[in-house]
Structure formats: structure tokens, C-alpha cells
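Going down the list, the sequences are from chains A and B.
Throughout the first sequence, residue numbering follows the working numbering, covering 1170 to 1453 in sequence.
Throughout the second sequence, residue numbering follows the working numbering, covering 1062 to 1433 in sequence.
Since the hints were derived computationally from the structure, they do not count as laboratory data.
Do not take every clue at face value.
[Claimed, not checked] Not the full set, but computed from the structure, chain B residues with beta-carbon under 10 Å of chain A:
| no. | residue |
| --- | --- |
| 1 | 1137 |
| 2 | 1144 |
| 3 | 1244 |
| 4 | 1245 |
| 5 | 1382 |
| 6 | 1384 |
| 7 | 1399 |
| 8 | 1410 |
By construction, the Cβ of each residue, glycine as well, lies at the ideal position given by its N, Cα and C atoms.
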Amino acid sequence: MSTSTTRTTYNFAYLDEQTKRMIRRAILKAIAVPGYQVPFASREMPMPYGWGTGGVQVTASILGKDDVLKVIDQGADDTTNAVSIRKFFEKTAGVATTTHTGEATVIQTRHRIPEQPLGENQVLVYQVPIPEPLRFLEPREPETRRMHALEEYGLMHVKLYEDIARHGHIATTYAYPVKVDGRYVMDPSPTPKFDNPKMDHCAALQLFGAGREKRIYALPPYTRVESLDFEDHPFERTHIAARCELCGSAGVYLDEVVTDDKGGRMFVCSDTDHCEKQRGEGTP
Amino acid sequence: MYVAVKGGEAAIDAAHALLAKERRGAPDVPEITASQIREQLSLAVARVMSEGSLYDEDLAALAVKQARGDLIEAIFLLRAYRTTLPRFGASAPLDTAAMHIRRRISATFKDLPGGQVLGPTFDYTHRLLDPALAEAAPSVTVATAPGAEREAAPHVTKLLDGQGLIETNPPADPDAPVGDLTREPLEFPAGRDLRLQALARGDEGFLLALGYSTQRGFGRTHPFAGEIRMGELEVSFVPEELGFEVPLGSITLTECEMVNQFKGSADKAPQFTRGYGLAFGHAERKAMSMALVDRALRTEELGGEVTAPAQDEEFVLAHCDNVQATGFVEHLKLPHYVDFQAELVLLRQLREEWVRARDASASGDGKQEAAE
Chain A
1170 MSTSTTRTTY
1180 NFAYLDEQTK
1190 RMIRRAILKA
1200 IAVPGYQVPF
1210 ASREMPMPYG
1220 WGTGGVQVTA
1230 SILGKDDVLK
1240 VIDQGADDTT
1250 NAVSIRKFFE
1260 KTAGVATTTH
1270 TGEATVIQTR
1280 HRIPEQPLGE
1290 NQVLVYQVPI
1300 PEPLRFLEPR
1310 EPETRRMHAL
1320 EEYGLMHVKL
1330 YEDIARHGHI
1340 ATTYAYPVKV
1350 DGRYVMDPSP
1360 TPKFDNPKMD
1370 HCAALQLFGA
1380 GREKRIYALP
1390 PYTRVESLDF
1400 EDHPFERTHI
1410 AARCELCGSA
1420 GVYLDEVVTD
1430 DKGGRMFVCS
1440 DTDHCEKQRG
1450 EGTP
Chain B
1062 MYVAVKGGEA
1072 AIDAAHALLA
1082 KERRGAPDVP
1092 EITASQIREQ
1102 LSLAVARVMS
1112 EGSLYDEDLA
1122 ALAVKQARGD
1132 LIEAIFLLRA
1142 YRTTLPRFGA
1152 SAPLDTAAMH
1162 IRRRISATFK
1172 DLPGGQVLGP
1182 TFDYTHRLLD
1192 PALAEAAPSV
1202 TVATAPGAER
1212 EAAPHVTKLL
1222 DGQGLIETNP
1232 PADPDAPVGD
1242 LTREPLEFPA
1252 GRDLRLQALA
1262 RGDEGFLLAL
1272 GYSTQRGFGR
1282 THPFAGEIRM
1292 GELEVSFVPE
1302 ELGFEVPLGS
1312 ITLTECEMVN
1322 QFKGSADKAP
1332 QFTRGYGLAF
1342 GHAERKAMSM
1352 ALVDRALRTE
1362 ELGGEVTAPA
1372 QDEEFVLAHC
1382 DNVQATGFVE
1392 HLKLPHYVDF
1402 QAELVLLRQL
1412 REEWVRARDA
1422 SASGDGKQEA
1432 AE
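Can you build the whole structure from these sequences, using the hints too?
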């Protein structure tokens, strides 16, 4: 494989092979220590920090010529940033792309886990803005690393307890912290907590890339992932009462779409592939 | 009527076309060339090179043009290009005392070996808009001072050094590895080499504000501008297979050495301390701000207590990179409706519960009154 990097032709999937090796080493370490944030020498990518540079680097490092890539943002394949990232890999790697969850071997996502359960032959790559679940409780990195090392998660439990005392609920609806294999507390990226149960014992490998913060972490297939809670206040999945008004699905995550300025609302599937599939099967 | 957010691809292409049109501006005005930017907006080019960490005037000028004058965007373009370049080694250390000086001033000594050289500076210009510049101005001829033979200009700090009045710089170790935060993730506490690298790449405005804050009392360092020098230096590289220095070319640098008061501690006699700033091109504001912040970040090392933002290494280094900062601030433009929806569901639930609780307590109060 050519590693030449001229201004017009880039290496397969943009990153040079040495960088990919470095990232793969970080990924392997992350898989070996589930939920642990592995520092890596994140590169400057041709898209802005905070727009998926971590996920893009992870995807670029694991992508092979035969892979089929799906990119979603907010569950949808057609949101602008998903389109932009998919185009980036079409251009730099020339891999096949798809919008069908079942057909993809690598799925890069921002903020959602597809409704269709993932299989063993699939990898889900999350874009992560702030990988540190303790960051908003403790802003200093050496301190949070120490807390993870000592498994000192009291601060997080106090925060959740204060939520219950004040609101009667744990007032975290997305980026809801999880405990991985009974050891590390991990940020699931800003997915709605509705998706948290899908992470538990998931058949697919789940990789998390945070480019700006230079961290990679992972959930190997079939890893135990528990959302933090209390015995008397068990984790509650966000209850979605409505059905999708396009495909009629129930029990899936819905976007609320404002249809006029008189209070008109409609609910539609956030997962566009799921919605299209339901509609396709529904119509003869 | 629900309109799916389809056609993202077509919209992106159309947006890019619009951007190109806006960049060009009115077609009856001649298009600016990258070489014009390189020659006539050289301070913008210098900033883009410094914060882009790549010394290439032509590419930096192209980036300024492509970014429509948005310097942070231009820095981003240059960085994204730089990251694809192979790294084949580190240059030989530069001896800035040997600089071909175009400007050199000291605020601590009236006269000194090498002299005070004003050079091309905005200092002492009256900031009056010059209508003559609105159109092409006549070319300027510069008289050279008679007998302006190049005289050796040792660093001011070196003059103080001889008397033990200023801390000595730690001796250079040629075999020590050169830290590079673009190749290794930055960890805290960082060494001074990585700190200086981060500051050199750091946002000029952010460092300016931090440096200014130390002057206003948030971590005072009592600085004197020991010396500011700007000029050309040759960069060379020692290829392993040759074993001798090969010149790569000449670059323009601005260097600032701050001399800071230090009252001493139990272990150290009172002496002056240093803050260091270095930037590509002519970039005095950047070099001075960097030197102020470098010294402020040495507070702990010098036995002081870290109390102000400019003294806090993690605060400064984690936030001084404008490409990182702008990316993360601007990512708020990306759709967040999935998370927003989750918040809406919770907020509606909390409000319902609040109303129910209020109504319950109101009707409860009413009954009590009736019973009394």
C-alpha cells in the first residue's frame, strides 16, 4: 500500500500507515481494558475538532477495502455531517457505503445506536466530544485519572443522588454514565439514555474515539454495561409514548418535528433506515 | 407538512459553491493573489505560520486567501496540511544570538552591544487612517544608516547572566528527545518544552488576554521587556547518514525575553527570572504575550502558589489552541435534536409533576381551611 502523501493523493482512508498502527495499538489496549480511556496521539484532521475527528480516526484505522460503511448522525444517514463524513471516506478510501444497518460492517455514529440489533460481524464507532464521565464533577485530568485508577466513583453517585433529592429523578437524559464490566465508569457519548440498554452485551464491537481530547475506549462484544442507578431508584429508560407517524413503529426513539407555528408537532423515527425499512415492509 | 431533511448532499455542494462565490467577491474587482497576500499582508501570514506550526509563506498566504481572511480558518487549513507531512527529524537548535537583526529593542538598558534597532514597527506611528493608501501608494525608498556595520548583539539576558543577576537557563542536552505534542498526547504536568510548544501554537488573542491579566494582578510577575528581537536565521539539519549540518533555508523569527523580578525563596537568592516567547515571522504581540504566560506558568517551579488562571498549566494549555477551541464551540451548530428531545421529555415530565404537586398542596390547604 502506498504511503505517499502528496497534496492531491492521500493514503487509503487518509491517515498514513504509521498513524493507523499507532491508533490500532490504542484500540487494542482499549479492548483489553474495557471502559478505560486510552490516550492516543490524535492527528489534526481536515474536519474541525468536535465534528467527529476521533470517530473518523478510529474508522480510518480499522477500515479495510472490503468493508461496507454506514455513517449516521442523530440516527439519520442524511444529516449534513453524516453526509460529509461518508463522502470523506468514499473519496479517500473508496469503500462501499450503505444506509442499511444490516449491510454495514462498520457504522460510525454520533448520538445514536441503530434500532436494529447489531451482529458479531459489525463494529460501531462512536464520535465522542468529552470522553471523561467525571469531567463536569472534576475539571482536572490528573485528578479524574486518579479517581478511575482508585475506582473512586462516590462523587458521581452523590451527583445522581442530589438529582433524585431535587427532582425526584436522575436528571440526566443523555450521556448517561455506565459502569463497564463492573469496573470503569464510562461516558457512552451523548447518546440518549434510551439507547444505553443496547450497549449491554451487544454482539458488535463498540469503539469510542475522542479526537480533541485524544482518547480511545472500547466495549468488546458481549460486555456487561450497566447504567448507574440505585436499588430504590433503578435506571429508567426514557419512555417514548408516541408512535412514528411515518412508519407506525412503537418503542423506538422519535424526533419531534415542529410542523407549524400553532403548536403542530409530529413524531418520526430518529433512525431513518429503520423507518424506511418499516415503510418498505408495510407497503405491498 | 413534514419535509424530511433529505438532500443533505446537494445542500452541502450548493453551500460550497456559494462560499466560493462569496470568497471571490465582486467579479469586476481584480482577484487578489496569494503572492500579494504573502508580500502585503505579511503579518497575517506570520500569524498563520506560527499558530499553524508550519513555516511556509506561500502556503500560509494561500490559506489566508482560501479562508477569506479568517485567520483561525487559515491556521486550521495549514494544520490539516501539516499533519500529512512526513516527519524526518528535528532541526539543529537555533542560536538566536546570531540572528541577522532587523529589529532589536530592550526596555531595560538605554544602550547595549548591538544597539537598539527600531526596524519596521507600528510603534510611534500615529494611528491616523491614511487615505493615500486607499489607492496604490508610491513605492518607498529606505535610506540605510551610514556605517551600519553588523555588530554582534548578544542577548540582554546574557549580559545579566555574567553577574549572576538572572537565573541561568538549564544547560541544553543535545541528546534529550524533543517533545512534540502533535505526535504524543499532552499530559499534565507537561514539561517546559511542551508548554512552550503549546504556547507557540496557542491563540494570540487568548495569550494576549492571559498575559494582560497577569499585569492587572491575576498572578503578577513584574515583567520587564528585557529584549525583543526580530530577524533572519538559517535553519539547518543534520542527516544521520551525513553527520554534518546541511542548511535548509532562512526563516524570520521574533523572540522575546522577559526579565521578571523575583524576591527569592528559602532555597534561592533573589535574582531575576525569565519568561520566553518565540514566534515565526514578525509577531511581537504574540512573542511578548507568550513570554508573560511562560513566566506565569513557572509559578509553581519557582515556589509560588498557583492562584490565577494564567498560572494554571492545565487551564492554559488545554484551552489555548484556537483550532480545537473553534471546532468545539462551533460544533454546537451540528444537530443535537436527539439529545434535545431527551431533555424535552424530561422537562415535560418534571413540569407535570411540579404542577401536580402544586395543585395537590393547594387543594390540601383549602381543605384544611374549610375544616377549621
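Now the hints, each set against the structure:
no.: 1; hint: 1137; in the structure: 7 Å, holds
no.: 2; hint: 1144; in the structure: 4 Å, holds
no.: 3; hint: 1244; in the structure: 5 Å, holds
no.: 4; hint: 1245; in the structure: 5 Å, holds
no.: 5; hint: 1382; in the structure: 9 Å, holds
no.: 6; hint: 1384; in the structure: 7 Å, holds
no.: 7; hint: 1399; in the structure: 5 Å, holds
no.: 8; hint: 1410; in the structure: 7 Å, holds
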